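Participant: Here is what each chain is made of, one letter per residue.
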Amino acid sequence: MSEPKDRENWAKPVDRLEVKSVPEGAKGQTVHGRRLTGPLQGFGQMWQKTYRVRIDGKNPEEVIAVWKTSYGRFWPKTNRFYAPIAGIKPGEIGLITGKSGPTKLSTGVMVLYADDRSFTYITPEGHPFAGWITFSAHDEDDHTVAQVSALIRANDPIYEAGFMVYGNRAEDRMWLHTLRELARHLGSKQEPTFERVKVDRKREWKNFKNIRRNAMLTGMFRRKSKGGGAG
Amino acid sequence: MPEAKVEMSVRDGGPTVRIIDIRGEVTAFAEPVLAEAFTRASAGDTRVVVLNFAGMEYMNSGGIGVLVTTLIRANRNNQQMRACGLSEHYRQILTLTRLDEAIHVFDDEAGAVAG
Chain G
141 MSEPKDRENW AKPVDRLEVK SVPEGAKGQT VHGRRLTGPL QGFGQMWQKT YRVRIDGKNP
201 EEVIAVWKTS YGRFWPKTNR FYAPIAGIKP GEIGLITGKS GPTKLSTGVM VLYADDRSFT
261 YITPEGHPFA GWITFSAHDE DDHTVAQVSA LIRANDPIYE AGFMVYGNRA EDRMWLHTLR
321 ELARHLGSKQ EPTFERVKVD RKREWKNFKN IRRNAMLTGM FRRKSKGGGA G
Chain C
44 MPEAKVEMSV RDGGPTVRII DIRGEVTAFA EPVLAEAFTR ASAGDTRVVV LNFAGMEYMN
104 SGGIGVLVTT LIRANRNNQQ MRACGLSEHY RQILTLTRLD EAIHVFDDEA GAVAG
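Those sequence lines, one after another, are chains G and C. Whatever position you read off the first sequence (first residue = 1), add 140 for our numbering. Whatever position you read off the second sequence (first residue = 1), add 43 for our numbering.
Errors might be hidden in some of the hints.
[Unchecked claim] Below 27 Å or equal to it, Euclidean Cα-Cα: the simulated DSS-like pairs (lysine-lysine) are:
(1) G:LYS152 to C:LYS48
(2) G:LYS198 to C:LYS48
(3) G:LYS346 to C:LYS48
Because the hints were derived from the structure by calculation, they are not lab data. Nothing here was measured: the structure is a model prediction, and the numbers come from that model.
Required output: the full structure, derived from the provided sequences and hints.
Facilitator: So this is what it looks like as structure tokens:
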């Protein structure tokens, strides 16, 4: 059998994540030692969400090259992405600090897949979502489309409750903001659009116990035990 | 929208087993092709749908997503999804993404049909 042409694009199998270095301001405790979670390992209803923006004058490879090197700069100021030192390459881990509703949250993602036209993150246990999110660009008629496509479900019942109250819309705002900023950076004034599809209405009660790894709760308890209080 | 570079055909594997032969590239753009093949495969008294990947040339992360949405459809129909014909590389990807916890992976078609 010939060598698959996508071999180098995928992360190597990993049982538990290993955070080798933690940048100043980031926290690795809610990522290090955790397993990856695909959309089948989460708790809540499964969503497929697609956000798109038209970009003129750049080909898909140029869009993705800029997106990879400046990924965090397109995020809203409330959240911060600490890019892997080696860049967005398969198997690398990025750390995240931000807020889940009113509460601080530290988590991360692993680069599951990366090529010249796309890259995908997969989430660890304790992240608000179980699943993956793909950032891609492709040709469409005479222009390029940059796209964020998430296949996710809330990781546990607490996140699911938050997702229903504010998380769903907060996530939409985040990726629309990201695409708008990316488009502006690349000289396009187009507005992003999105669509949500509920892929699975069922909640996976067998994954209720994911709550034990909830990064928001473990971070809160850690801050309290250090005497730092909540928030 | 780019065209899917994949072909899928459906055949019988047994009285309640249907096999989908996949040839080409499994990406997000393969979704309508797989959805149509799955609709045909899951009709009637089908209890098991086998995805035969022996002719697959390439799969990216969008393709893995397409497998998840198809699996959800199978679960909704109370049908089991099985896979065969995967190279070691793609088996590892199913393990990495933990899809192998829900899709039963077999070495060959005979094993997948027999379960």
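Participant: In ascending order, which of the hints set out earlier in this document are inconsistent with the structure?
Facilitator: 3
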